[in-house]
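Chains as they are written, first to last, in our numbering: chain A, 1 to 292; chain B, 1001 to 1539.
Worth flagging that the hints you see were computed from the coordinates, not collected in a lab. Take the hints with a grain of salt, since some may be wrong.
[Said to hold, decoys possible] Keeping only pairs whose Cα atoms sit at most 16 Å apart, straight-line, the calculated EDC-like set for lysine to aspartate or glutamate is: (1) B:K1388 to A:D169; (2) B:K1361 to B:E1021; (3) A:K232 to A:E264; (4) A:K287 to B:D1446; (5) B:K1361 to B:E1294; (6) B:K1361 to B:E1253.
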Amino acid sequence: MSSPLVCAQPAPGYSVAFPQERSAFLLSRLSAIPKLAGVAPASRLEVRPAPEMVSSGIREFDALTGGLPRGCLTEICGPASSGRTSVLVAALAAATQRQEACALVDASDAFDPVSAAAAGVDFEQLLWVRCGGKKLALRTRAAEKTKNHQNDRHSRMDDSLEQALRVTDLLLQSGGFGMVAIDLGGIPYRAARRIPLTSWFRFQRAVENTPTVLFVIAEAPCAPSCAALLLKLQPGKKPSAFSHQPSGKTSPAHAQLLDQLEVEGELLHSRLERKPVRSATTAFATKAVRIL
Amino acid sequence: MTAFACIFVPDFPLEALLRAEPELRPQAVAVLEGKAPLQIVLAVNEKARHAGVEPGMTRLQVEACAGLVLRPRSPLQEAATHAALLDCAQSFSPRVEDAACDTILLDLAGLETLFGELPKIGRDLARRASDLGVEANVAIASNPDTAVLAARGFFGVLVVPAGKEAEQLGNLPLEVLFADPKLFDDGQEPERLLETLARWGVRNLRALAALPDVALSERLGQQGVRLQQLARGATSRTLVPVEPPLIFEEVIELEYPLVLLEPLAFLLGRLLEQLCARLAARALATQELRLQLELESGWQEEESTTTHVGTDALVRPGRAPARQAFRRTLRLPVPLLDARTFLKLLQLDLKAHPPGAPIVKIHLAAEPVRPRAAQSGLFLPPSPEPEKLELTLARIAGIVGQNKVGCLELLDSHRPDAFRIQRFAPVEPQGGKPSATRKPAGEPSDAVTALRLFRPPMRATVTLYDGRPTRIACPKRPELQGEIVWVAGPWRSSGDWWQQEGWSRDEWDIALQAETGLALYRLVRDLLSGGWFVEGTYD
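Next comes chain B alone, as it looks inside the complex (with noise of 0.2 Å):
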């Protein structure tokens, strides 16, 4: 048996924007188009149509309405909702058509044996809907048009049975017939027929359901058949299916411009979770997140430094705000779906680099990937679970810097102390058989003697004797100065002397007397400054 079910969201504009700012649920809100002063109403909520507002009134005439909430059509946050309700179909069935930007249908040919009857899955799609921020009616019928006309016509969901679609259509009223627009994409004028229909007395499907075919193809032609077999339930046309792109990008357009870390982080936080559902939805994970702030055009930088910014301030006295686009990118190294973490993450970041001007506009964008699949063992040495460990860092980076942490990488160099900090991913550990790389574990080697770097090194004052140390004077360590009990060296090493950074230089090994005993030190001449320096202590 055939089913198609249909996802229609009554006042798409409007839900789009409660989508956004679930908030306004509970007052009454109004959706305006157009450019101001000639702005008109496009769609309401039940509270604003109880108060008096209709869409088309001008916008001089519903600002009298106490306590109706007034926004302006945001075009981003349709595109957002759209797709959003294209991943909730998705979840459920691969042959999707978008048919309308707020009507989306979807073959359930063969899913009830993965998720139920029905009525079940008409009701398991309004709840994945409903995660999704979006309030949607749902209709389940044996062919797409029904259920169509009754995801538009009833409230809720709805499972039309098969053979009794006339019966279920039959006290919808005509303007149900007339939403589509693509039903009269031939030039005809839908107001016009509505008219015709209407003289003749016709006001539901059922009084056009019962006109005898032939008189009316006689008189309106086969656009008349076409509405008639719809109001009868008995066309038949197969789905054109669509493969969404996966793009996962949420938009707020905010009312005042933002100034405090705490309400850029609440509205950050909901346009994770609705990322993180459609990602989920979709059975998919994000290891990149883009975060986009459209900062406020002509602000200019404040001249007094004495006023007080909390410490959670974006805007801090003394920078400059030239730019109008403020980008983040956040690159995790394994994928991740946790909306709290991500919000973490995203905070600990802009607190370490604020953007500098109020913000108008959010952004954010999830590049999607494949989620992380991992067997973890019994018998596996620990490692730290990559949430945790992403947060960890990132608290680390907040406290000591963001270049001062991470991981080593040697670099293929003789220079000293060349190396580079990688970002910190530890491999996962496998079961089996160790490395080639690595030694067996449990199996001590011989100690190596470790070097104790200075960093950066310290200036010191050496007396030659037969061109070797004899004494040596630094006076930042009081314990380095005296006579050199014995000494070792010159180890003379040099490089890149054909670049301007070239180095060169002779490195001794010194004993100094110390209170508790000897304390060896590397000792450094740089043979292009002739300066002494001591590199470190071997420890």
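Just chain A, same shape as in the assembly (with noise of 0.2 Å):
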């Protein structure tokens, strides 16, 4: 190497930092090489636009997080009554009050409709695709030969797990939902995390530069580098989060009844910022109805 402007090595006695008049020197040459003309420095490359944040529908969700993010993979973990299928609802009901065509795909059928009417989703915008009610040819062929009972579940798991990915993978390509959510919530994370990750990277770059927000809950996260935003949910530990009395005063006297339940939720990873992710936590309650 014969180039002045190369120094790989300080020289002894010699601080490694240059003086400033020798950077300046140092940058206008190397700006004055032809073969370095196309390149920008990395103080100049262009910045990816930060995605449209849309509200998740609980104030508190928004304050931890600023929303859900359009065109990116939004994952909620966590166990059983941890709030997940709560935020799951509350979303589809923000949405739909937007007048934004959603859909659901119910990996285990469990979508509860009185709850979700209580939210205020509109059913009219919500397209919701129950998944295991019917057997793929090559399961169904499969599950005969087991007699084993517990192999017949994880079989039909399997069924609707394979279901709920081909029905996403249709309504991401067919485009114009302002949600797609997929709830795994009822699936086991040991069938959960078989999903190959290829499949996450391709739900996500269907979604990617487009208003559509993908939003799964499960038990455990399932696709952590593809998710632009990874909540874990908790419940919440204090014992006064059930309350045996149930609030409102039309309910009868004799009722006594869940009241509220109380989520604990921490988020784990989010792409949307480009400092570290520090540890930011939140925790909200959510309200018990009855239809009277």
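Mind assembling these two chains? They're in different frames, but the hints should get you there.
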């Protein structure tokens, strides 16, 4: 290397840092090299535009994450009774109230219309796909061979999961939905983690640069590297989370039912901010409803 | 200036057949009429004519001709072709006369400002007819009868200038005049008249036009005078406009029964393209497609179930083919006019509901409606395109089942899980103010504790203490076992007690200690059967 601009090792007794006039000189010489004419400095690289954020329907959630990003995958994970479905229903309610067409891919056919109606979901704008009803041909033959009840249950789970993935693929390719939600909450983590990462990348690519919010709830993170936003929910540990007296004066006096569910959420991963993700948590309560 | 156009289809029965089977156009084709074995040739195409086949020959005579395709006459296909011709004419002018099954007249007065000069209108008419699958002659003249004669006599598109009718028609043979049976409905025999004129040495219209009027009237009467006026192009009459009914139907009768979906889809695609072209010619779309498949009679159930039948087979072994006609109706939420979308929807529908027997005849009808007019906006919320959405829904229904996809509707009942699935047709977003029933967007509200249902509910064994559940065991779910750490309830409800399907139940909210914390469930006791069920989990 005969170039005078390269200094591999500092001479003994000299500092590594260049003097200011020396740096300016080097930069001017570098910019004059024809080969580097088309190379933009790192400080001038185009910044990917931040996605549009929409409300999730829960104030505390929005305060923590800024909302749900359009054109990205958002994943909510947590164990049973951690409030995943409540967040999903709230997000669907918010999206349908914005007059957006939404789709819910219900892998375990667990959607409760009464809860959704109470949360304010506009059913006219919601496409509900109930998976698991029709056995796939290959799985059916396999299930016929297995006499074991547990194996049969697992086979049904695999069928549901496969249907959910195929349906999601079709919905995302069709386009035009404001939100596509995949409910894997009833699928055991062992089954859900078998979803190939390429599927999640395909889904993420399908919603990229579209106004669709891809929303997934599951027991544990399924697509951590694809998700733009990953939250973990936990049920509240305080015993006061449960009220023995129902709220509302219209309830009969003898009725003692669940009043509210306390939820704690932690932001595990966010690709929307350039700075390192800090440990951020929130807590909110969901109100139990019952039709009178 | 008045102008009339005539669309004439030579060898109409043959054209109707070729419209249904366009792949036969390069071959020599003859259409037969009558019952076997006394069938005679009704119409032939140019290649068959070169091969020596003429109308009137018997089947026995033409069967010796190599490479000749013989087809029976199809009145249904002729009716469909005639309707297509009317649609073609109606797409240009509202004043259309249905002169004959192969002849359509239309009034072009005032259309030059809309469609251009008369030659251009003539070419456009021929092109539109060709798009509908019919090769037609088009002639434009200042009176309807001259237009008809020119269309019958000249190939392609011809515009007869005003005042030069006799000159243009002069070279036509006399047979052109005698092709219209309506001229001789007063009892006269056209053959005798033609023979008389031939004996006089009159061979073409110019010679007939040159005969002296009075002498012709003395010898042939008013019929002769009328023929002479037609030959001179000097007749004048008003058009008899008809309002063609909005019936869009296409039929194909098959030579051999079809048993696979792929060839059926090929034929359906052709029918759909013709239907869509006809609907487009009338500026209409469709919201309902009715498919009727006539199945082969006498087809018996296959006994052997080991026969390999592909996934696209229309006949499934083991299905009883008791019916003769198979009908499917495709209803769409919005008017569409896309043959490819219709074909895909029909394919998916037939895959899900195979006819069960070989198909010998396909009948497809479209219910016409006004096309959808939508004004899209830049700032409206996203909404799926109706065409894509219909295809997507049909494909999803093929994966999860017909009744497993759609839009929810809660029923007016306190019965648990009372809902029904409807067709998903999202409301198209409108600009302006949101409706009164909607909450304002962007204002988060309090979250509601959602329930995750187990469908069907899981049977459980519950231990009671002092009338309250204290322990639960559910064999199907290992996590649903153990001491109940918290319980609330009961919430008693009942309904429909006046009916057979009455229900009565107590609901309890319970909490179990799980590895990750407390898990909340809804426990239900059916008061009619006494059984305990876990209905779902609060999440």
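Cross-check of the supplied hints:
1. At most 16 Å may separate the alpha-carbon atoms for a hinted pair to count; B:K1388 and A:D169 meet this at roughly 14 Å.
2. Using a Cα cut-off of 16 Å, the hinted pair B:K1361 and B:E1021 holds, with the two alpha carbons roughly 14 Å apart.
3. Under the criterion of a C-alpha separation no larger than 16 Å, the hint pairing A:K232 with A:E264 is consistent with the structure, at around 8 Å.
4. A hinted pair counts as satisfied when its Cα atoms are at most 16 Å apart, and A:K287 with B:D1446 qualifies at roughly 7 Å.
5. A distance of roughly 5 Å separates the Cα atoms of B:K1361 and B:E1294; the hinted pair therefore holds under the 16 Å criterion.
6. Straight-line distance between C-alpha atoms of B:K1361 and B:E1253 comes to about 4 Å, which keeps the hinted pair within the 16 Å bound.
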